[in-house]
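Q: Sequence:
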Amino acid sequence: MIPYTVNIKLAARTLTGTLNLQNKPAVDWGWQGLIAQGCHSSILIIDPKTTQTIQVLERHKATVVKVKWSRENYHHSLSSPYSLRLASGDASGKIIVWDVVSGTAHCEIQEHSKPIQDLEWLWNQDASRDLLLAVHPPNYIVLWNGDTGTKLWKKSYAENILSFSFDPFDPSNMALLTSEGIVFINDFTPAKPPGSTGKKVYIASPHASPAHNKPAPAPTAPAPTGAKKALNKVKVLITNEKPTAEAVTLNDCLQLSYLPSKRNHMLLLYPREILILDLELSQTVGVVAIERSGVPFTQVIPCAQRDALFCLHENGCITLRVCRSTTAPDEAADPEQSSQELVYDLRSQCDAIRVTKTVRPYRMVICPVSENSAGLTVSDGRVMLWELKAHTGRLPTNPGSSLSPLYSPVSFCGAPLANNQKRIQELSLNTMISQTLIAGEAPPPSSSQQEVQLKFLLTGLLSGLPLPPFAIRMCPPLTTKNINHYQPLLAVGTSNGSVLVYNLTSGLLHKELSVHSCEVRGIEWVSLTSFLSFATSTPNNMGMVRNELQHVDLPTGRCFAFRGERGTDEQAIEMIKVSHLKQYLVVVFRDKPLELWDIRTGTLLREMAKNFPTVTALEWSPSHNLKSLKKKQMAAREAMARQTVSDAEPSTVESSVISMMQDAESKSETSQAISAREHFVFTDTDGQVYHITVEGNAVKDGARIPPDGSMGSIACIAWKGDTLVLGDVDGNLNFWDLKARLSRGIPTHRGWVKKIRFAPGKGNQKLLVMYTDGVEVWDTKEVQMVSSMRIGRNVNYRVLDIDWCTSDKVVLASDDGCIRVLEMAMKSASYRMDEQDLTDPVWCPYLLLPRASFTLKAFLLLQPWSGTFTMDISQVDYNEKDEIKGLIQEQLNSLSNDMKSVLQDPELSLLQRCLLVSRLFGDESDLQFWSVASHYLQSFAQARLLSVPTAEALQHDVGQPGCHGYLDICHDTLCESGYFQKFQLDRVHLQEVKRSSYDHTKKCADQLLLLGQTDRAVQLLLETSADNSSYYCDSLKACLVTTITSSGPSQSTIKLVATNMIANGKLAEGVQLLCLIDKAADACRYLQTYGEWNRAAWLAKVRLNPAESSDVLKRWAEHLCSPQVNQKSKAMLVLLSLGCFHKVGEMLHSMRYFDRAALFIEACLKCGVMEANDSTNKLIGAAFVDYARMLRSLGLREGAALWASRAGGPGEQLMEELFQGEGGTPEGLTPADQETGPGVSGEEGDEDRKFAIVEE
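Heads up: the sequence shown is residues 83 to 1338, going by this note's numbering.
Don't read these hints as lab results, they were simulated from the structure. Please note: incorrect hints may appear among the correct ones.
[Unchecked claim] Okay, derived cross-link-like pairs now, DSS-like style, lysine-lysine, Cα gap no bigger than 25 Å in a straight line:
id, residue 1, residue 2
1, Lys836, Lys863
2, Lys782, Lys713
3, Lys593, Lys131
4, Lys1225, Lys1196
5, Lys282, Lys1225
6, Lys674, Lys563
[As the list claims (entries may be wrong)] Restraint-style ranges between C-beta atoms, simulated for each label pair:
id, residue 1, residue 2, range
7, Lys236, Glu533, 35 to 43 Å
8, Lys1260, Leu485, 25 to 33 Å
9, Gly1291, Ala1023, 26 to 34 Å
10, Ala240, Glu1190, 42 to 50 Å
11, Gly791, Leu686, 35 to 43 Å
12, Thr541, Leu428, 15 to 23 Å
13, Gly1291, Ser1204, 30 to 38 Å
14, Gln535, Asp964, 45 to 53 Å
15, Tyr1114, Ser486, 18 to 26 Å
16, Glu1190, Lys1225, 15 to 23 Å
17, Ser956, Ser1204, 43 to 51 Å
18, Gln535, Ser1107, 31 to 39 Å
Here a beta-carbon is modelled for each residue, glycine too, at the ideal position from N, C-alpha and C.
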């Protein structure tokens, strides 16, 4: 059995309850893997995997309205480590940037005093990741430096800004949702405020204007039903002018966001529909509508890995909708409908919650790393965690459903699955379902793929405290006697009659007991595992109530009515007080004499006479005669035992005496014959102090002390040792020293003294005092105040109840629904997360010291020094403090068993491992790099095996993808050209179907010309009506397009015209002409000269042959590397997609990304796309030796030795440094291996031996 250890040190913490309405938008799930949630003015940090609150941040004075985790989109190193950074904004306009681990604020920002509308960290700059953009109402956007709190710029707009969204593909584009419509900004840079006021668009529903009405359907066609009618109705136009009166403005837009899964698409959310807009066309290309009886939407989150939407409905139900493949089904019932728009099919939904007045769903958050788990916050403080699970194999579906099946992908972590390889299907959304197919793409052979059904599973539930008021009481204090089984339990009585018992070591709910039928008024513990609680019903017209006094046993949960059932016509109980030895109980009533009970037997000892004075305050004395009684009893027992055995043989006397004494002892324990004498004091309405002694069932009246003239009506008494303290209704405290017989009165001028309590612990004379407006701690030895807290001055909540939970920590219940455990100084309850004692270990490398988190990462990435892969850090030569080693081991132990078995699987390749670890660490930049790198390394390696010239390999027919599929379309211009081209054609086809005005038609024709679809373009050009001003122009253009032949003179003329057009500012038209005569390469060059880099890349992808396209993209990569653009990480991805692996390795190394550089080069060597020869040896050596140095600085000596030994010449010096003290080579490496660096010999055998070391 595990030895039960007691953690005596309690962490300061906050137990939170129901949320404020303003907290609704304040929740965020970060790349770091944690959820932050605003609760009144505090912020909870929740670990979704183990469902526990691991930190509470308190510094805001007003309600928190927004929280945002910083993005992890940068390369992490010791100088820029993994850190938990969070920005939060409150209702008074203050923004605080937190260091979450230590619970301290980096900086505080204040601009206006209105609630912050929206917050976002900028994620695109390679240079700075401290920039925070905020919307300050009504109409300002301000860019702040989130590290120092300086304002960089501020810009105001004409309308009130509700929220904003950045284009995930182009950081210079953003959209503002305003009260009037949408404002598009296309020149956003961190350097200066946007120059223009943006392009303002209004959204109108055009079904009222006659121009675009469809002709009435033929009478034979069935009338469209509910959903289709809705679709026809919301064919929404985006107009640049304010809509006229008859066009209905849809201004109840709840949310706008760009789709991260494909470029230039945006979604708008309305209560009953989601519109998908294509921004190039400014036209709706898809609608998700709700049936008339359906539940309205409140929020939607688009996914990046797949074209899918998570939607939250008003009843708390979360649904997942996945975009339907546009491949036309063979027997389409309605051919027009099949290809008319993007359709999002409902694939899974979770259970709804019971919505009441006080319980309604607030917000949903999605894990950004895996996109397959969702968290839902509810107004009553609950957080529900749902995970998406995939079931393979066909489930019996209802024959009416026309949904095409979803398939599971055949690869894992970016590589095809080996035969017996372990995998985790639910790792992320893109490992659960494969890509949506595009028109013209052959569906995969059904043999290799399994059908998948998706289901939501509730994996965690975090519940908060119910609504205040609360009555709280801490269990008896820790002593030397109970140290082996002590648990710091806090009982909380609530307004609905239940008692919650919390374990304060972990902050988790230990038990919830439904004890009473009305509000709990008070709780008193009678042992470490049982307590008495009382409640009184609302008085009837006679002022009488029903009293409930219950005795509760915690381990069994048994409750019984301590005073029996007394009916509904009693005076109300005012208070109950238990004596120090837990023998007796006093019950004080409002207008009725008190009762005295024996707790051990549950009997009434005395009901006081009618003329007994009215009690205003009462307290038991800590003095008693138990010790002397026990001594007397022991003596008597010994004598008895000796007498009984006096006639036995002397030798056995000793042992039998002992056994008999034990016997007698146990008997006396059970019969509890011993009854010690105890005293209590109370005051009456005149302030006179009475003293009463109780022994067994005898009650004696003692001395009376006349009232002190300086005191008003006494409200409470506390007694400890030789100190007695009285508090009155006017805020005076009277300290009595009983030994010296002195009394000292102190006016606090704080009004009514509600409660006073002494701290536990021998000789600890601290006193906690509660007033109507706050709390104070006094030292009764010195008679002076230690600390104070007042509503409005340093806090914004009212204290409802108080207690001590240890000798130096207090616990306060407040009216914002929270219970706070605070240090005696009563400052905020934020604490260092790494000092905390959690019940379940949490996987979060961000909690480790920077060095330790990188050691953990290196340890998970590569362990080539041993044949097997271990999860035990102690098996590695790692010289570091044991404490840090222990913390790293705790992190390793907290990984799930699935994850451990996959990481230990010898089949897992280096690339898969890099991807998996970047997912585990939530490292956005790593994840993006390795996704693209692993895809292209494999496709180039495959092309090399088939000995196809590399460039053509990327063009290979899209119908037959390689065994590892395509790069997801969310990578946009990094995708293979053939696939990208198919996607663009598909998109134009959709735009063509949805066009509804001349402008749209013109844009479609332009796109078709650029894509080389001349016949279709001519048809569209000829549609122009004769009364249109560009009728002549379009007709001529159509003639030109059809008659272009490749004859020399016409080509040169057109080229001349095109260059003139471009020179005179008509760039788009000139580019179109160049594309007509197959001079797309020139067109790209012009576009790049005029700064249209993205457009040029797009055109290169869809029109050029591999060699030309590669030139254009390389120029783009150079441009991205230039200092004024500074997007080197994007440039590296572009180069990866071109297969320039050597260049990428050099760039990684020059940017000092040593770990990534070494692992990338190692992967290139393994895939065979880079060979160790004279040209590459310099790079390989430099990269490996730098990584070895990094590992050495972390303390991983074996790893350092291994990489140094493979670095050839440069590594020899490092090897000597590593092993000079030991005079030998590391185990597992023969001297031959050391001599043969990659540069020494090019023989095949040596080549193989070098890799054998690193094969896992």
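Q: Next, verify each hint and record whether it holds.
A: Verification of the supplied hints:
no., hint, verdict
1, Lys836 to Lys863, "22 Å, holds"
2, Lys782 to Lys713, "24 Å, holds"
3, Lys593 to Lys131, "22 Å, holds"
4, Lys1225 to Lys1196, "11 Å, holds"
5, Lys282 to Lys1225, "43 Å, violated"
6, Lys674 to Lys563, "39 Å, violated"
7, Lys236 to Glu533: 35 to 43 Å, "54 Å, violated"
8, Lys1260 to Leu485: 25 to 33 Å, "56 Å, violated"
9, Gly1291 to Ala1023: 26 to 34 Å, "28 Å, holds"
10, Ala240 to Glu1190: 42 to 50 Å, "46 Å, holds"
11, Gly791 to Leu686: 35 to 43 Å, "37 Å, holds"
12, Thr541 to Leu428: 15 to 23 Å, "21 Å, holds"
13, Gly1291 to Ser1204: 30 to 38 Å, "34 Å, holds"
14, Gln535 to Asp964: 45 to 53 Å, "48 Å, holds"
15, Tyr1114 to Ser486: 18 to 26 Å, "47 Å, violated"
16, Glu1190 to Lys1225: 15 to 23 Å, "19 Å, holds"
17, Ser956 to Ser1204: 43 to 51 Å, "49 Å, holds"
18, Gln535 to Ser1107: 31 to 39 Å, "50 Å, violated"
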